[in-house]
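Asker: Let chain H serve as the given structure and place chain A on it in line with the hints.
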Amino acid sequence: MDALKFLDPTIQFVLFSAVKILIAFGVVMTFVAYAVLVERKVSAWIQDRVGPNRATPFFARYIPILGPALVRLGLFQPMADGLKFLLKEDFTPAHARAIYFWLAPAISVIPALMTIAVIPFGSTLGNPDNPMVIADLNVGILYTFGIVSLGVYGIVLAGYASNSKFPFLGGIRSSAQMISYEIAMGMSVISVFMVVGDLNLSRVVAYQETSVFQWMIWKQPVAFVVFLIAAFAETNRLPFDLPESESELVGGYHTEYSSMKFALFFLGEYAAMIGASAMMVTLFLGGWALPWGGGPATGILGGLAHILCFIVKMGALLLLFIWTRWMLPRFRYDQLMTLGWNRFIPIALANILATALVLAFTTR
Amino acid sequence: MPVLTDLLFYAFAGLALLFGLLCVANPFSRNPITSAMFLVLTIVSLAGLFILLHAFFLAAVQVLVYAGAVMVLFLFVIMLLDLRQSEERQIRILTIGTGALAVAAIAGILIRAVIAAKPLASSPGLAGETKALGRLLFTQYLLPFEVMSLLLLVGMVGVILLSKKETE
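Taken in sequence, the protein lines are chains H and A.
Residue numbers for the first sequence, in numbering that gives the first Met the number 0: 0 to 363.
Residue numbers for the second sequence, in numbering that gives the first Met the number 0: 0 to 167.
Keep in mind that a hint or two might mislead.
[What the hints assert, rightly or not] Not everything, but these chain H residues come out facing chain A in the computed CB check (under 7 angstroms):
no. : residue
1   : V138
2   : L141
3   : F144
4   : S148
5   : V151
6   : V155
7   : S174
8   : I178
Rather than coming from a laboratory, the hints here were simulated on the basis of the structure.
Just so it is clear, the structure is predicted and the values come from calculations on it, not from any experiment.
Ideal Cβ positions, reconstructed from N, Cα and C, are used throughout, including at glycine.
Bound-form chain H, shown alone (with noise of 0.2 angstroms):
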């Protein structure tokens, strides 16, 4: 680290976001993939089945019984997805778009990985100059928001290349459920911002992390259902899928895709998942803060502690992603627009409001 001080602040600046970056990355990935892991095995479990437990790579056998318990739990099972994706047949249909075919899957992923940048994933790690947040904007949120509405891009392009009626019909699904779900989203969190008094996620942090009583969670409880419900529908997740609701629509809007294609899709699916999760810990949930707070780190075991800290907790927003993936039904179209319009915005306006009146009482 000493060496390092030598450099250009610039260069210091690109060298330390690029590895910022790069764990980012790689962490976000392999959550991804072990998200689909512990998908599948939640699912099993709920219906009272075993769920993957089979995928063995040549070491695994040569581990003395931690070996074949880990391929009980299917812990190998993520390597043979993403090979079998890999090595499947690309087929392209001779009636699709091309470029857009091609194109839209990579528009899926790329916002989804995007909103990343600005989450503060962690406090320091003892070098207070250096936050663990890869963008520090002063307007985080309004970022994030603006990449996420991109992502609809891809389902819509995907809808429209493909070329044939049920993908079609799974894009303009989509295109109306994301816009509606963004507006009760995006009314939702300004009560938060109300109460902070800043955009800044790294501010929004710092106001909660003295204690958990400082969480949003508790000042906010109602800003907090609406974003978690209108996340649901942002990520098109179970009782929100309908843009690729299987029963009516095949597969919906990736229903002409096969290999990397459309794991694309579900790789984004996930990350946006992810994502969502990430930003309601920052936002209601106190961020990096432990539960009994303590301020920023001032070591590197205790920077180590927060970022575990926001991983357990974007963990267990994942867990309820999941879990209510397999205990709800499908809402219908109409009553899905309904909640989004009749019930959610007003809610949220009422919000602001309320919010808006207390602060002007109690403040000064």
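Answerer: Using the frame of chain H, we list chain A on its own:
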């Protein structure tokens, strides 16, 4: 690093012009979806220009509102309407006239703004920019702000009126 900023400015400005041209006069495709997607790219390039001016709020809102919401609705409408018949639509003189008038008006405003602007030695300090912007909107520019929201409300009422089925 002024050199890098200049380079980025030319890059984003060039891209915005290029994508804008491809949006309205694409020689390779008359597909309305392609035009809409190039418009999205134009908007994103403009957001890049805003960032170079340190107007992060404007950049984020530009992407959020225009690229993320308005253009998605554009796509939605284009996909729902069957636009194949209108591909070979004739361009009427009235269309050209109103278009030229609008371009001239906007160009006039822009040229006036460029002449009136005083070049700054350094980028203006816009710390706490969102707060400052909000304050300006609710004090100095309150009337235009309210008029604009009224205009949006009128548009909304119009849409509801048009889309409502006749019950009588």
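Asker: Hint by hint, say whether it matches the structure.
Answerer: Against the structure, the hints come out as follows:
no., hint, verdict
1, V138, "holds (5 angstroms)"
2, L141, "holds (4 angstroms)"
3, F144, "holds (5 angstroms)"
4, S148, "holds (3 angstroms)"
5, V151, "holds (5 angstroms)"
6, V155, "holds (5 angstroms)"
7, S174, "holds (5 angstroms)"
8, I178, "holds (6 angstroms)"
This entry satisfies every hint, going by the numbered hints stated previously.
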